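**Q** Next come the chains, spelled out residue by residue.
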Amino acid sequence: DAGVIQSPRHEVTEMGQEVTLRCKPISGHNSLFWYRQTMMRGLELLIYFNNNVPIDDSGMPEDRFSAKMPNASFSTLKIQPSEPRDSAVYFCASSLGVDEQFFGPGTRLTVL
Amino acid sequence: SQQGEEDPQALSIQEGENATMNCSYKTSINNLQWYRQNSGRGLVHLILIRSNEREKHSGRLRVTLDTSKKSSSLLITASRAADTASYFCATDGKAAGNKLTFGGGTRVLVKP
Numbered sequence: 001d002a003g004v005i006q007s008p009r010h011e012v013t014e015m016g017q018e019v020t021l022r023c024k025p026i027s028g029h030n031s032l033f034w035y036r037q038t039m040m041r042g043l044e045l046l047i048y049f050n051n052n053v054p055i056d057d058s059g060m061p062e063d064r065f066s067a068k069m070p071n072a073s074f075s076t077l078k079i080q081p082s083e084p085r086d087s088a089v090y091f092c093a094s095s096l097g098v099d100e101q102f103f104g105p106g107t108r109l110t111v112l
Numbered sequence: 113s114q115q116g117e118e119d120p121q122a123l124s125i126q127e128g129e130n131a132t133m134n135c136s137y138k139t140s141i142n143n144l145q146w147y148r149q150n151s152g153r154g155l156v157h158l159i160l161i162r163s164n165e166r167e168k169h170s171g172r173l174r175v176t177l178d179t180s181k182k183s184s185s186l187l188i189t190a191s192r193a194a195d196t197a198s199y200f201c202a203t204d205g206k207a208a209g210n211k212l213t214f215g216g217g218t219r220v221l222v223k224p
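Protein sequence lines, in the order shown, are assigned to chains A and B. Numbering-wise, our numbering puts 82 at position 82 of the first sequence, and it's gapless, one number per residue. To convert a position in the second sequence, counted from 1, into our numbering, add 112.
Treat the hints with care, as some may be off.
[Stated by the list, open to error] For each label pair, taking beta carbons as the anchor points, the in silico distance ranges come out as: (1) B:Arg166 with A:Pro8: 38 to 46 Å; (2) A:Lys78 with B:Glu167: 22 to 30 Å; (3) B:Gly152 with A:Ser58: 24 to 32 Å; (4) A:Ser58 with B:Glu165: 28 to 36 Å; (5) B:Glu165 with A:Glu14: 49 to 57 Å; (6) B:Ser136 with A:Met40: 43 to 51 Å.
[As the list claims (entries may be wrong)] A few chain A residues that don't get close to chain B, going by computed Cβ distances all over 10 Å: (7) Asn52; (8) Ala67; (9) Arg85.
I should point out that these hints are in silico values taken from the structure, not numbers from a laboratory. Computed from a predicted structure; not experimentally measured. The beta-carbon is built from N, C-alpha and C at its ideal position, and this holds for glycine as well.
Whenever a hint applies, use it, and build me the whole structure from the sequences.
**A** Right under this line is the structure:
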């Protein structure tokens, strides 16, 4: 298996633009997590899905952020409109059950 | 504050020495996990210890868990330059489902 796949790896955009981050979890995993990592706030859970259903989105900062998981092999995290304070590394992770999470390589987002 | 908090925030040692870092948490847990993150990469799972376990070993890693003190320690023996990374503890919380809460991490520098 190729592991968790994220795209793009780097994204530079201007304030106000829409940003879409993509994730392909490991085949067979039933949980998918979106995290954001910054120097100031560390690693924060934004939202997680279980069997494609959003379970906990309490970490989503505000309405500008939305996430979808249309099927077991794909998820998106969208920011519209983006702001400079959204600059961070966004990680997707997947797991089978409640144990080990497998992280993707991350998307480094810079909003100018 | 976060469920898991690591101590120290940073650690610098010589190759061959042991590295010890601690994690404290606030609420009851099912299990506690340790992850490593190399610069610019996603997190990699190292070891999981369940709430009914007190000590666990994996290669050069030794993890202890004291649920009465709500704390855990990670010991890396005979450190190598390749162990240079940030180390995070993550707890699930009894009511958290699949959700993990990560601490702020300990940055370890192993000097050759």
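**Q** For this structure, which hints from the list above don't hold up?
**A** The structure breaks hints 2, 6; every other hint is satisfied.
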